[in-house]
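Student: Two independent chains are provided; combine them into the complex using the hints.
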Amino acid sequence: MNEFSREVYGLVAVAQRELSATLRTRRFIVLGVLFVLFAVVGAYYGNFDLGRSISPASGSPDPKLHPINYGMSVVYSYSNIFLSILGLGLSYDAITNERTLRTLVQVLVRPIRRSTLLFGKFSAYVTAAGGLFVITTLVLFGVLSIVTHRYPSIYDFELLLLSMAVIMLYLASFVAIGMLISSLTRTNLDSMLGAVFVWVLLLAFAYAGVITGVSAVPTDLSVTTDLPYSQFPLYSKVFLWLNPGSHNVAVQSLAGDFSKMTAGLSYVDNVLFLVAIIIVTSLGAYYIFNRADIV
Amino acid sequence: MNAIETEGLTKIYGNDVVAVDSVNLMVERGSAFGLLGPIGAGKSTIINMLTNFIKPTAGTITILDFDVPSQFYNVQERIGYLPERPGFYTDISAERNLMYFASLSGLREDKQEKVKNVLSIVGLEGKEDLPVRAYPLGARKRLGIAAAMLNNPELLILDEPSTGLDLQGMQDITALVRELNVKNVTMFLASHNVKEVADICDTVGVIKSGRIMMTSSTKQFLADLRGGTSQLEVELAQISDAVIQAIKSVEGVESIECEKLSVILKARPGINEDVNDAIVKAGGRIRSLRESPSLEEGYIRMTGEGGS
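So the sequences go chain by chain: A and B. For reference, each letter of the first sequence is one residue, going 19 to 313 in this note's numbering. For reference, each letter of the second sequence is one residue, going 241 to 548 in this note's numbering.
Please keep in mind that the hints were generated in silico from the structure rather than gathered at the bench. Heads up, some of the hints might be wrong.
As the list claims (entries may be wrong) - List of simulated lysine to aspartate or glutamate pairs, DMTMM-like, C-alpha gap at most 25 Å:
#1 B:K356 with B:D305
#2 B:K435 with B:E537
#3 B:K351 with A:E25
#4 A:K278 with A:E176
#5 B:K354 with A:E25
#6 B:K295 with A:E176
#7 B:K488 with B:E499
#8 B:K295 with A:D311
#9 B:K356 with B:D369
#10 B:K354 with A:E21
#11 B:K521 with B:E537
#12 B:K448 with A:E25
#13 B:K448 with B:E268
#14 B:K295 with A:E25
#15 B:K423 with B:E473
#16 B:K351 with A:E21
#17 B:K354 with B:E368
#18 B:K423 with B:D256
#19 B:K367 with B:D331
#20 B:K521 with B:E473
#21 B:K500 with B:E531
#22 B:K448 with B:D261
#23 B:K506 with B:E494
#24 B:K367 with B:E324
#25 B:K459 with B:D481
#26 B:K351 with B:D369
#27 B:K295 with A:D208
Chain B extracted, bound-state conformation (with noise of 0.2 Å):
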């Protein structure tokens, strides 16, 4: 069962400007699929004909088993929705900002509790009362998620949650996204971060120029990025033997080399973190660890375009 499908999905302005070209997308229910491109890929135009904001040149849309548009008063009911910048009446709180949307997405008597709810859910409790223009861009994202969870949506498409939003503000979201994902909500995120799709999402998708490249298990494209072996570069604060080999003995660790505190290893994608962890539990300390290539890196190689 696929919560999101489209066939030759494709919209072209004026004449000749194709911002989608033939896409072609299976979601399936309860995953967490990432569609993942530069700006101006065609991310926001696919999210767009999805959430029925524009029409699609051609080519079909069904969602949760719906056709987009003639019965999108059906996916209305089932789906949440964050923009990339969240709207909301700057001038009134919060919460009646919530209670607003709640009530437009049909919730009557419970709809107090559900608001307090999902501002509980995204963080927010304690300051439902602030005037919306007093939040900084983090928490209207933190708030953009509390609405589109309103009425517990079966989808939830997530156009970049995370741009411009600070290290831990993006971790944050990541978190809660993530959270909502294990409870079996479909997640649709679009994404210009190779690292938020990898973190959230068990599929990617990746587009160019509108059109898609490829569809795979997020594994296999982190895999792919890296071209099968990456190059780990740990300098540490002090050598020493069981700091060595205790490196040695994380599985997939292919060759090390050490030169003064610096140790170069190469090693199958992805193993970092097992080298932290182990480099530590030997009671070494790191000044240093990085991957190369990156996944920025791999996915600049694979697309010829530039990520974040």
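For reference, chain A alone in the conformation it holds in the complex (with noise of 0.2 Å):
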């Protein structure tokens, strides 16, 4: 066996054990019990707001006024929070985790790069979060399409498609940024704490970046305006762009708004920023465990 084939089988073997250890985690089952719930009441919400869509002229439902990814959107933005908490819980101490277990020195003396051993573990996490992110929005999709009788063009499913694909993306980047904490960190406790920090502190860029932005934009806003992003000064928007959660463009996708500015960037400069966060913080990760000591 050569040595990019052997790298592909031991990756695959990674993949496949932590991706087996994950499913039957506490962790994902319980902060996968809370997404679910909570898609399922964007659902809810959803289903409500459709039946208010409703045509003035003929007094019935009108799926052109709200077609049923509308409702998706609602259950996006009742669910995606806890799929960022899915990512970074179940990435934070994949390698500390290894580390206490004394598992690491085991693997790391066999013919496998530590490269290696990371995206393993990385594609794990991002099929065990992102598998159960496409069971639950398909079904979600299914029953709301029945429910209220909106059943949805091939354009509109194209559309979900790329919202899922979207979504993956800021899902990837949670992990990416788990892993990356999961590096710096020798022990779970340190893990854990660095997550919790990460996360509260990207929260905190992206309220910083828009009470910083409308501070320094005189606009009279009400709650139907969108904000002005294009008008915030650079370092309102900066603060935004760190958080992966600002370059979460699903809604635009599902709407096939794609000439909306989101954070003051346009569709493909987000997506783009999804990108390049996960591509950084994977190679920070892969740096830093390249060189760190191993016991």
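Tutor: In structure tokens, the structure reads:
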């Protein structure tokens, strides 16, 4: 077996073991249940909102006014935050737990690169959390369609798939951040505290971006007005851009509204930002782990 | 041809904590090398550098003709490692642990067969379905050896293999490791236990405060420990001329004194098994037999440190 095929084989072995172990962890079950619960609550309110979208002319439901995808955007708004917690929650102790169990030396004494171990674990966490997200979303999409009698067009379904791809990037960015935390810390407790700290910090960055931005722009904002992100000063935008949640353009994807600016960035730029966050944090995790003492 | 060569190997933690100081080692292929030293002498640090778990501050390491760390991937394919406390995924079975490690070692179609084979070698067949958390330490050490053998290593690195085991467990592990060495696997064993090193290794290096104090054959090392002549105190159930004559006839016995049921003899070191056999053959019964200085006493005298 040559080196490349051995690495691929090792990667699959790591990912399989990690996926099987992750699906049995208490944290996956608890956070997964919370995610599904909030997605269902979102679907309930999505259904409620769809029910109110009556055509003024005919008095009957008007799918053109609010298609089924609108209901799914409500599902996303309720549940996405739990997806970020799930992504971070699965990955924050990826390395430190192996260190604690003393299995890290058993693994790394074998012909497998540290990058392969990291990527195998990353893939497993994205698959576990992403799998739950995909199944939940498709089931709720089907249920909402049936309950509201608003059946999706091919285009609606394409937009749904696109929004799911964006959310997978959003999820992967939090998994990558968790992997970075795990590479930086030595014990499970440090990793957990690090994960909580980073999650709160990212949230604080988003709020700081909005607060400093709004206070710097002299506009009269009402609840129905979109925030004038483009007019925010650069430092406010940077605060916003640091949080992967700011680049989550899943709702725009669902609506097919690709011209709308979010966090002062275009649709494509937001997607690229998510990809950049994944790459930068993953490379950081690799750089640190590759140079770290294993024992 | 050497399996391991280190030159000027040094590890300094922080600015001034010297864990390993300019260590030069040469371990021949097929040999069993014992790195003997008290706890904290730097044995595990050397092993951690050999296995690329920590980076040396200075010096070079060559294992099986490959440079560490630049060619460590080639080394990983050829070595087995038993940590002092082998770690496993405790919620899954021993077999599943080994299957996973076998996959990482690059085994494919023959994986299942190989796992069964190593489990059988270490005497864990029939217990492979138990979750590892149900395994006592002795069984985990055996499982650790099984894990280390999965890739048919040319070099086996063992860190304190018998630490934490009872007498029977120690004997079992020692026998197992010796058997592997007979099969031409090079052994690098770090231990603070003189007897373990003496039982397994043919070459010994003594390390103290991060520096190698001496390297010699085990035979020479044991002779040095006992200072040329040792004293053997044998307490018999009953004494007879036949037994005394039998003791005198053992090669290496220099003098003999009898006092009631006790026999004290000056003899060459390591003669106790021969004396024991001679007494039993002559119909005598031994209540106790003690050689002094013992290996441990000699080791303490040599290094000025406590060994076990």
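Student: All hints are to be evaluated individually against the structure, with a verdict given for each.
Tutor: Hints and how they fare:
Proposed proximity of B:K356 and B:D305 is contradicted: the alpha carbons are some 31 Å apart, above 25 Å. Restraint check for B:K435 and B:E537: satisfied, since their Cα atoms lie roughly 11 Å apart, inside the 25 Å limit. Between B:K351 and A:E25, the direct Cα distance comes to roughly 16 Å. Compliance with the 25 Å bound is thereby established for this hinted pair. The suggested pairing of A:K278 with A:E176 holds, with an alpha-carbon distance near 19 Å, which does not exceed 25 Å.
Among the hinted pairs, B:K354 with A:E25 is consistent with the structure: their alpha-carbon atoms are about 20 Å apart, no more than 25 Å. With a C-alpha separation of about 51 Å, the suggested pair B:K295 and A:E176 falls outside the 25 Å cut-off, and the hint is violated. A hinted pair counts as satisfied when its Cα atoms are at most 25 Å apart, and B:K488 with B:E499 qualifies at roughly 15 Å. For the given pair, B:K295 sits about 7 Å from A:D311 by alpha-carbon distance, which is consistent with the 25 Å threshold.
For the hint pairing B:K356 with B:D369, the CA-to-CA distance comes to about 11 Å; that is within 25 Å, so the pair holds. Distance check on the hinted pair: B:K354 and A:E21 sit about 21 Å apart at the alpha-carbon level, within 25 Å; holds. Under the criterion of a C-alpha separation no larger than 25 Å, the hint pairing B:K521 with B:E537 is inconsistent with the structure, at around 30 Å. Proposed proximity of B:K448 and A:E25 is contradicted: the alpha carbons are some 40 Å apart, above 25 Å.
Taken as a hint, the B:K448 and B:E268 pair is honoured in the structure, with Cα atoms around 22 Å apart against an allowance of 25 Å. With a CA separation close to 23 Å, the supplied pair B:K295 and A:E25 stays within the 25 Å bound. A threshold of 25 Å between alpha carbons decides the hint, and for B:K423 with B:E473 the separation of about 37 Å lies outside it, so the pair is violated. Of the pairs offered as hints, the one joining B:K351 and A:E21 holds, with about 18 Å between alpha carbons and a cut-off of 25 Å not exceeded.
In summary, the hint linking B:K354 to B:E368 is supported, as the alpha carbons are separated by about 13 Å, within the 25 Å threshold. Taking the CA atoms of B:K423 and B:D256, the gap is near 42 Å; set against the 25 Å cutoff, the hint is violated. At most 25 Å may separate the alpha-carbon atoms for a hinted pair to count; B:K367 and B:D331 meet this at roughly 15 Å. Under the criterion of a C-alpha separation no larger than 25 Å, the hint pairing B:K521 with B:E473 is consistent with the structure, at around 18 Å.
Under the criterion of a C-alpha separation no larger than 25 Å, the hint pairing B:K500 with B:E531 is consistent with the structure, at around 19 Å. For the given pair, B:K448 sits about 10 Å from B:D261 by alpha-carbon distance, which is consistent with the 25 Å threshold. Proposed proximity of B:K506 and B:E494 is supported: the alpha carbons are some 5 Å apart, at most 25 Å. Distance hint between B:K367 and B:E324 is fulfilled; the C-alpha atoms sit about 22 Å from each other, no more than 25 Å.
Under the criterion of a C-alpha separation no larger than 25 Å, the hint pairing B:K459 with B:D481 is inconsistent with the structure, at around 33 Å. Annotation: proposed proximity of B:K351 to B:D369 holds, straight-line Cα distance about 16 Å (limit 25 Å). With a C-alpha separation of about 23 Å, the suggested pairing of B:K295 with A:D208 holds against the 25 Å cut-off.
The structure shown violates the earlier hints numbered 1, 6, 11, 12, 15, 18 and 25.
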